[in-house]
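Colleague: Next come the chains, spelled out residue by residue.
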Amino acid sequence: MAQKSNKKLVIVENWCKGCGICVAFCPTKVLDLHNEKVVIKDIDKCIKCGLCELRCPDYAIYLEGSDNE
Amino acid sequence: MSSQLIQNNFRMDRLPHIWCPGCGHGIVMRSLAQAIENQGYDKKKVCVVSGIGCSSRASGYMDFNTLHTTHGRALAFATGVKLANPELKVIVVTGDGDCSAIGGNHLIHTARRNIDITTIVFNNNIYGMTGGQYSPTTPTSEYGTTAPFGNIDKAFDICKLVDAAGATYVARGTVYHTVQLIKLIENALINNGFSLVDAISTCPTYYGRKNKKGSAVNMLNSLKENAVDIKAAEKLPKEKLEGKFLIGEFKNTNEPEYTEEYMKIIKKYQKER
Chain A
85 MAQKSNKKLV IVENWCKGCG ICVAFCPTKV LDLHNEKVVI KDIDKCIKCG LCELRCPDYA
145 IYLEGSDNE
Chain B
387 MSSQLIQNNF RMDRLPHIWC PGCGHGIVMR SLAQAIENQG YDKKKVCVVS GIGCSSRASG
447 YMDFNTLHTT HGRALAFATG VKLANPELKV IVVTGDGDCS AIGGNHLIHT ARRNIDITTI
507 VFNNNIYGMT GGQYSPTTPT SEYGTTAPFG NIDKAFDICK LVDAAGATYV ARGTVYHTVQ
567 LIKLIENALI NNGFSLVDAI STCPTYYGRK NKKGSAVNML NSLKENAVDI KAAEKLPKEK
627 LEGKFLIGEF KNTNEPEYTE EYMKIIKKYQ KER
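One line per chain: the protein sequences are A and B, in this order.
In short: position in the first sequence from 1, add 84, done, that's our numbering.
In short: position in the second sequence from 1, add 386, done, that's our numbering.
Just chain A, with the same shape it has in the complex (with noise of 0.2 Å):
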């Protein structure tokens, strides 16, 4: 799944305000927090669900691109 995505996962670091909700619900955890933002911690393991980005309260992580690009 992941190979088959062209999307890329983007972090807005000055959005975001370290609550750590995308690092508890990453089903195959991919982020972590550091210095009270969210980093990418292993993106090979990312499968671009997009759970971060649906559940981030301040907009600060997203998937970007399409599948079809």
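Check each hint, because a few of them may be wrong.
[As the list claims (entries may be wrong)] In silico SDA-like links for lysine to any residue, alpha-carbon gap of 25 Å or less:
#, chain 1, residue 1, chain 2, residue 2
1, A, Lys113, B, Ser601
2, A, Lys129, B, Lys610
3, A, Lys91, B, Leu391
4, A, Lys121, B, Ile404
Bear in mind the hints are in silico, worked out from the structure with no lab data behind them.
Once you have looked at the hints, place chain B on chain A.
Modeller: Chain B alone, transformed into the frame defined by chain A:
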């Protein structure tokens, strides 16, 4: 930069929003934007009306026709907007206190009229903006700054309230169950009549801290554990539903819509003249 959804539907110069870290309101606001985009409405034909409170800041961030009105009166203003401009898709963004306490009367009568307005309640069980006073949806025996020894009131079930008052679409979602929440808001937008989605949000700063609910993540986990879908609940024994709350679509019916009925009266008497 930000995602296409945010760029398309929000006033970028107003973001990031002022809501606290872990506040669920951002999730509800995004879900609403996603639902509007999924339905493909013309932005010029959408009007977002809000009252006062944390929730009601949303009208300042969303890039549509917007109206930030007085406390509890969002539905009254929205009724005016809809009657003056029936082709508009009117959406009311309100909080639990704004809609069920200060604007309680407007809520039941707007529901009774079945006017085509979609109401999204950002329900965080507390008055966040003013410092954590208990609201009509604060559960019994929980704490607020105005209930230092525990709340003795019984909480409103906003869904049951508007159902009884005459709303034709009633649903409840949570900020944990975002995929479902988006779908419920979409269905509420589609319904031609008064629709209400009770979006259970989280307030880690006041409600969470006062009631020792832990972090934003803990609060989302408790939504995950305590929400039961109405379809699943039908098959569960009563004791398994103790302390739980229902989510999903509670009502979806067709009744005559208020602005259409109003236009019929006008047309009828214009002909007779």
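Colleague: Failing hints, ascending?
Modeller: Checked against the structure, no hint fails, so every one of them is satisfied.
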